[in-house]
Amino acid sequence: MTLLTEAGMREKVRSYIAANLVVYDEEVVFSDEDNIFALGFVNSLFAMQLLTFVEQEFDIVVDNDDMEIINFSSVSNIVNLVQKKKAGA
Amino acid sequence: MSNLPNPIVQEARLFAERELRPRATEIDRKEELPRDIIVQMAKRGYLSATFPEEYGGLELDPVSYGFFTEEIGKACCNTRALITVQTSLIGGSLLRWGTKEQKEKWLPAIASAEKLGAFALTEPLVGSNAKAVQLSYRKSGAKYILNGRKKWISFSGIADFFIVIASCEGSVSAFLVDRESEGITVSPMSGLLANRASHIAEIQFDQVEIPCENLLGIEGGGFTYVVTTALDHGRYSIAWAGIGIAAEALEAMVHYSRNRTQFDKKICEHQLIQAMIADAVTELHAARALAVRAGELRGAKSADALMETTIAKYFASKVAMKVATDAVQTHGGNGCYNEYPVERLFREAKVLEIIEGTSQLQQEMIAGYGLRKYYLPKR
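Read top to bottom, the protein sequences are chains Z and R. The numbering used here numbers the first residue of the first sequence as 4 and each following residue consecutively. The numbering used here numbers the first residue of the second sequence as 428 and each following residue consecutively.
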């Protein structure tokens, strides 16, 4: 498996989120720090899809201890979680 | 089915033919799933078909599990419903979100039928808007206390434990609750259109105390994770349930039309009957193809699996209703008589368009997906 840089991780996560937005305005933009759930860009069902994507794409297992929705609420938080799990935490 | 490579699925077909189909009508009329059938299912591993072997399971892959569900569902919808609840809803939730201790306590017990579970989500005032559950919980020391009511809970009439979805100030959590806990009252429901032998009941919770270790998943993750997981597994099961009903109805339609004579010829020789049969064959094959595709994606743990499962459930439940309706039509007056199984299949098919998320909810999700996937900004 090719080692991903942080920038590469951010791009993959951002792309996946962008492909699953529930808003159809072409002008929608979101930063890596934006809370995509609070802004209404994705619905609550997406959390489970996001979890599956993160586990499969980055080959990690997300424990119950990491399941807080805040860990999945922004691109940065997701990448931070992935890096933490990759580091064996 | 002409190609059943999995020996477990082939054995299930024989079991269904011998043990379930001859009793399906009686089971429906008496509104009871006999204990001996539950025990026979457990002995064969059928209540834990997808569980890992360490928990007494058969480790069936998703596609094989689908065909297995079809074979059971063709013969008896109520027995199939038992599998949906034990294996998909309860088993799926525990395997994904249970602690090691919770899995070890409940999964082998389900596998052996020593204990049966029920998934308590729906309430008198909460159906499609599942996130708005009103049954409440509060933490008190080392316990949680539950208050409220659930309704339409399949197999709760005979279940030994429940997965209960409750809320506390807007935060939704899931709990494992022993039926023998003080304060629980179960009231069986009758007069139902379908699933009459699925022991559907209301459950009242009055100051029910449960230990903190009975929390399933994380506090606040009840809807986002546990319910979503359960419904995803449930929808996959219902997709194959629809295929089972459609297949059984088609076989009934073919058999009847090849034996019934009107206007001096077999009714299968009348073109408008042939039209219904042609549509039934086409729709059944299409539904099965969608469900197989969903199963393959589930096996590959693809991120696309959830949406393809939604599509399969939506389509297969519609097909079940359509084919069952045409099967009744083909049978004429006999189709409206409970001596002919198509009467039961027609009732059972309708429910599939409602449970595990109504067809309208599925349409909303599929439309949202389509509006993203098939959008080309520039043409």
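Calculated directly from the structure, the hints in this document are not laboratory data. A portion of the hints provided could be inaccurate.
Said to hold, decoys possible - Here are the simulated DSBU-like cross-link-like pairs (lysine-lysine), alpha carbons at most 30 angstroms apart as the crow flies:
#	chain 1	residue 1	chain 2	residue 2
1	R	Lys805	Z	Lys88
2	R	Lys527	R	Lys728
3	R	Lys749	R	Lys578
4	Z	Lys88	R	Lys728
5	R	Lys527	Z	Lys89
6	R	Lys542	R	Lys532
7	R	Lys530	Z	Lys87
8	R	Lys693	R	Lys728
9	Z	Lys89	R	Lys530
10	R	Lys578	R	Lys745
11	R	Lys530	Z	Lys88
12	R	Lys800	R	Lys728
13	R	Lys527	Z	Lys88
14	Z	Lys15	R	Lys805
15	Z	Lys15	R	Lys728
16	R	Lys805	R	Lys749
17	R	Lys527	Z	Lys87
18	R	Lys570	R	Lys532
19	Z	Lys87	R	Lys728
20	Z	Lys89	R	Lys728
21	Z	Lys15	R	Lys542
22	R	Lys527	R	Lys566
Status of each hint after checking the structure:
1. Lys805(R) to Lys88(Z): The given pair, whose Cα atoms are some 40 angstroms apart, is violated under the 30 angstroms limit.
2. Lys527(R) to Lys728(R): Cα-Cα ~22 angstroms, so holds.
3. Lys749(R) to Lys578(R): Given that 30 angstroms is the threshold and the Cα spacing comes to 28 angstroms, the pair holds.
4. Lys88(Z) to Lys728(R): 19 angstroms, holds
5. Lys527(R) to Lys89(Z): 23 angstroms, holds
6. Lys542(R) to Lys532(R): 10 angstroms, holds
7. Lys530(R) to Lys87(Z): 27 angstroms, holds
8. Lys693(R) to Lys728(R): 49 angstroms, violated
9. Lys89(Z) to Lys530(R): 26 angstroms, holds
10. Lys578(R) to Lys745(R): Judged against 30 angstroms, a Cα distance of about 25 angstroms means the pair holds.
11. Lys530(R) to Lys88(Z): Roughly 24 angstroms between the alpha carbons, so the hint for Lys530(R) and Lys88(Z) holds.
12. Lys800(R) to Lys728(R): Holds, at roughly 20 angstroms.
13. Lys527(R) to Lys88(Z): 20 angstroms, holds
14. Lys15(Z) to Lys805(R): Given that 30 angstroms is the threshold and the Cα spacing comes to 24 angstroms, the pair holds.
15. Lys15(Z) to Lys728(R): 18 angstroms, holds
16. Lys805(R) to Lys749(R): Not OK: Lys805(R) and Lys749(R) at ~38 angstroms, beyond 30 angstroms, violated.
17. Lys527(R) to Lys87(Z): The hint holds at about 23 angstroms.
18. Lys570(R) to Lys532(R): 19 angstroms, holds
19. Lys87(Z) to Lys728(R): 22 angstroms, holds
20. Lys89(Z) to Lys728(R): 20 angstroms, holds
21. Lys15(Z) to Lys542(R): 44 angstroms, violated
22. Lys527(R) to Lys566(R): It holds: about 23 angstroms lies between the C-alpha atoms, which stays within 30 angstroms.
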